[in-house]
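One-letter residues, chain by chain:
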Amino acid sequence: MTAAAIEMRSINKIFGPVKALDDADLVVEAGTIHGLVGQNGAGKSTIIKILAGIYRRTSGNVSVFGKPLDQITPASIEAEGVHFIHQDRLLVPTATVAEAIFLRNEPRVGPFINYREMNRRASELLKLYFELDLDPRTLISELSTAQQKIVQITRALAHDAKVMVLDEPTAALVSREVESLFSVLRRLKTDGLAIVFISHYMSEILEICDVVTVLRNGTDVGVVDPSEVGIQKIVEMMTNRDTSEMYPRREVEIGAPVMSVRNLTVDGAFEDVSFDIRSGEILGLTGLLGSGDKEVLNTLFGQIKPDAGEIILHDKQQKFGSPVDAVNAGVAKIPEDRRAHGVATGLSVGENMSLASLGQLSTRGFVDRKKEAEVVDGLIRDLGIKTPDRHTLVKNLSGGNQQKVVVGKWLGCNSEISLLDEPTVAVDVGAKVEIYNLMNRLASEGKGLVFVSSDLEEVTEMCDRVLVIYRGKIIGEYKRGEIDADRLLAAASGAVAETERKRA
Amino acid sequence: MTNQTDTAVRESRFSLEAASNYAVIVAFIAVVIFFTFAAPGFMSGENIFNLISNKVVLLAIVALGMTIVIGAGGIDLSVGVSIDLSSMIFIMMIAAGYMGAFAVMGGLGAAFCVGLLNAFLINKLKINPFLATLGVLFIGKSIQQLSTQGGVPIYLTRAEYAAPFDAIARTSLLGIPTPIIILVVCIIGVYLALHRSVFGRYVAALGAQADVARYSGIRVPFHMSIVFISCAVLSGITGILLSSTVRSYVPLAGDAFLLDAIGATFIGTAISAERRPSVLGTLIGVALLAVMRNGLLLIGWNFFWQQVGIGVLVFLVLGLSFGLRKRAE
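Protein sequences appear in the order of chains A and B. Yeah, the first sequence ends on 504 if you go by this note's numbering, and it's all consecutive. Yeah, the second sequence ends on 329 if you go by this note's numbering, and it's all consecutive.
A couple of the hints might just be wrong.
To be verified - Cross-link-like lysine-lysine pairs, in silico, DSSO-like; alpha carbons within 27 Å at most:
(1) A:K395 / B:K124
(2) A:K19 / B:K326
(3) A:K49 / B:K326
(4) A:K386 / B:K124
(5) B:K141 / B:K55
(6) A:K19 / A:K473
(7) A:K305 / B:K326
(8) A:K49 / A:K67
Quick caveat, the hints were computed from the structure, so don't treat them as lab data.
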């Protein structure tokens with residue numbers, strides 16, 4: 001039997017008081033796509049960072065194709081043919097496609113880079129693997145996220161990768177792009193590459209992985225074939241609990257409208273959008289990428305000025321010039337890009353959570369630190385935020401817990417309307433449930449919620465009513481009971497609109 | 001066994017972390033002890049008094065302003081302009097026979113305008129703070145040269161002008177010289193603003209991630225304006241203290257404070273676990289720089305070698321502090 005492509009045995013990693021990895025194993029054979037799943041904090045990224053030479057292991061053995069590796073550095077592991085496609089794009093935005101692909105591997109003439117040769121080989125590789133006609137002189141900053149992913153993978157191929165580790169490669173891709181990524185991965189697999197695939201999307205794991213290692217609390221709790229055991233079982237292994245409580249129910253009386261939107265229009269984004277949000281209601285807003293759903297949400301939060309139409313809140317027409325006005329009028333927003341807009345990762349949990357409600361936590365401009373501590377500690381307990389204390393910096397928290405900090409920030413300021421933009425993106429299953437619980441709690445307190453998500457399953461399960469936006473117009477409204485994912489998808493992709501047009 | 005190792009790991013980590021935070025303070029104490037023995041006269045009451053009232057006070061007030069700006073994620077390269085224009089207007093008004101109080105207000109008003117201009121460039125024209133204040137620095141230098149025939153100092157050493165200068169620089173309250181009282185008031189004010197008030201929290205949020213502040217409903221332009229105006233006015237106070245001490249206005253004298261103020265602020269970040277600017281940290285940074293200058297002078301190093309000494313010290317202290325920090329992580 002030949003040696004495994006990657007063999008990590010009994011890996012331990014201790015961060016101060018925290019044991020991030022506890023005797024974890026990860027064995028990846030060549031010619032397979034190997035899934036790595038686990039909740040946030042289960043140790044996925046730690047074990048990958050140890051392999052990548054970013055962290056040093058406390059103990060354990062790592063070998064690549066049978067060769068034991070003692071000290072791993074990012075450069076040495078690449079020399080072994082192991083390449084990493086990280087979640088955050090790590091390409092230089094001002095480099096060209098060809099420069100990015102051949103970074104540190106440039107074809108040379110003497111001391112000079114042979115640009116002609118480099119560009120030729122870059123377009124060759126892109127065509128060979130992706131059937132992509134991309135000018136190799138295009139700047140990275142001009143590429144879509146999907147194209148950047150492709151460039152990163154091409155770079156690994158240009159360096160003769162034997163093992164490729166992809167961390168959430170599909171997070172920012174639309175379904176067509178995911179398909180083409182998958183067909184490339186399958187081809188690489190038949191070429192004999194070992195691929196490690198990390199994803200929160202269980203359906204993708206099922207679709208593409210031959211084997212899955214499940215991590216829980218820093219230990220591998222199972223190595224299974226996903227097509228054999230099924231998604232349910234894998235999720236249960238990850239969370240150690242039954243998944244039937246995934247979408248908690250609520251019994252909430254839906255009351256009078258809190259906010260009314262009338263004929264709202266932003267030129268080029270959406271037009272003539274009208275709806276009410278009632279107290280106790282979770283209103284879904286869904287559409288394909290670029291349909292205008294996000295722009296509606298941004299307009300309700302004062303980030304975009306409407307060209308026509310009205311937003312009525314507290315029986316008053318609101319003119320939101322900026323998010324400041326929206327917040328003052330009682331609108332909260334959980335932004336999609338958590339790290340850029342949701343939490344300040346360099347501030348502590350407490351500082352983040354009190355940021356939007358300092359007005360209520362202060363007297364004559366001075367922070368009432370006792371009151372703040374009470375409120376923040378209460379919220380930390382209430383929301384089950386896993387943090388040593390409120391002084392811990394948010395960057396040391398897992399993604400799900402960071403998201404809870406964002407939610408907690410707005411709970412403290414008691415807003416009438418909450419706008420949620422993909423609140424569960426890149427959050428593990430356990431934290432998702434907790435975020436759904438929080439949404440239910442807001443609804444039961446009589447708040448109105450607007451929920452935008454591209455995960456149709458959660459939209460179906462969580463919303464009282466769903467509005468479907470297609471090319472900037474509301475083309476369908478579905479009440480609880482008539483909502484199902486297929487119907488929403490059909491509407492969102494324009495099928496309904498097309499039929500109606502034919503009928504007319 | 002495992003438990004023991006865990007505890008050991010934890011303890012060593014925390015002591016390293018603590019050591020990294022205290023490195024600057026330890027260095028400061030070490031430097032003081034060194035000069036106490038190496039430089040006769042360093043520990044004399046007279047030297048300490050002069051050091052504080054001439055060097056520390058002036059730099060500390062500017063550095064406090066810089067602490068606010070850097071805390072908010074900005075930088076103010078125009079503090080020298082605020083100092084100089086404040087000093088220039090103050091001296092010109094005294095020379096023109098205005099009452100001392102009005103001259104002080106005039107000087108501070110000039111500094112206020114510098115801050116307002118910075119705020120306008122940053123908020124309205126969306127120029128980043130580095131370039132906005134760099135532009136103001138260039139313009140400010142020219143204004144001084146144009147209004148002093150290319151940089152001729154204004155000396156008001158005649159006795160008829162002495163009263164307002166003496167009132168600021170040579171009086172004392174309960175035996176404490178007025179400049180020191182002014183410094184203490186500034187320290188308390190900036191401390192309360194940065195570390196106890198809502199404004200301070202907003203500054204920290206701006207410094208950490210301005211977008212998050214905006215999305216939390218914080219009026220970012222308003223608070224940025226306060227930040228830059230505070231820094232300019234604090235620098236203006238230094239300008240007036242400086243002129244009162246030397247009874248003159250020397251064009252471009254304020255330039256000397258710029259890098260020291262930035263340096264002191266950044267040295268000060270080493271005392272906080274999050275590496276944030278703080279009032280206490282900045283004051284230690286100021287004291288460290290002042291003691292080094294003074295001590296090296298007393299042991300007979302010439303000006304040029306002093307700079308080398310200070311540079312090496314900064315490397316040592318920060319290298320030690322950040323190195324220990326990295327080990328701890």
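Taking the hints in turn, this is what the structure says about them:
Of the pairs offered as hints, the one joining A:K395 and B:K124 is violated, with about 32 Å between alpha carbons and a cut-off of 27 Å exceeded. Proposed proximity of A:K19 and B:K326 is supported: the alpha carbons are some 19 Å apart, at most 27 Å. Taking the CA atoms of A:K49 and B:K326, the gap is about 17 Å. The hint holds against a cut of 27 Å. Between A:K386 and B:K124 the CA atoms are separated by roughly 41 Å; this puts the pair beyond 27 Å, and the hint is violated.
Using a Cα cut-off of 27 Å, the hinted pair B:K141 and B:K55 holds, with the two alpha carbons roughly 23 Å apart. Taking the CA atoms of A:K19 and A:K473, the gap is about 51 Å. The hint is violated against a cut of 27 Å. Straight-line distance between C-alpha atoms of A:K305 and B:K326 comes to about 46 Å, which puts the hinted pair past the 27 Å bound. For the hint linking A:K49 to A:K67, the alpha-carbon distance of about 19 Å falls within 27 Å, and the restraint holds.
This entry does not satisfy hints 1, 4, 6, 7, going by the numbered hints stated previously.
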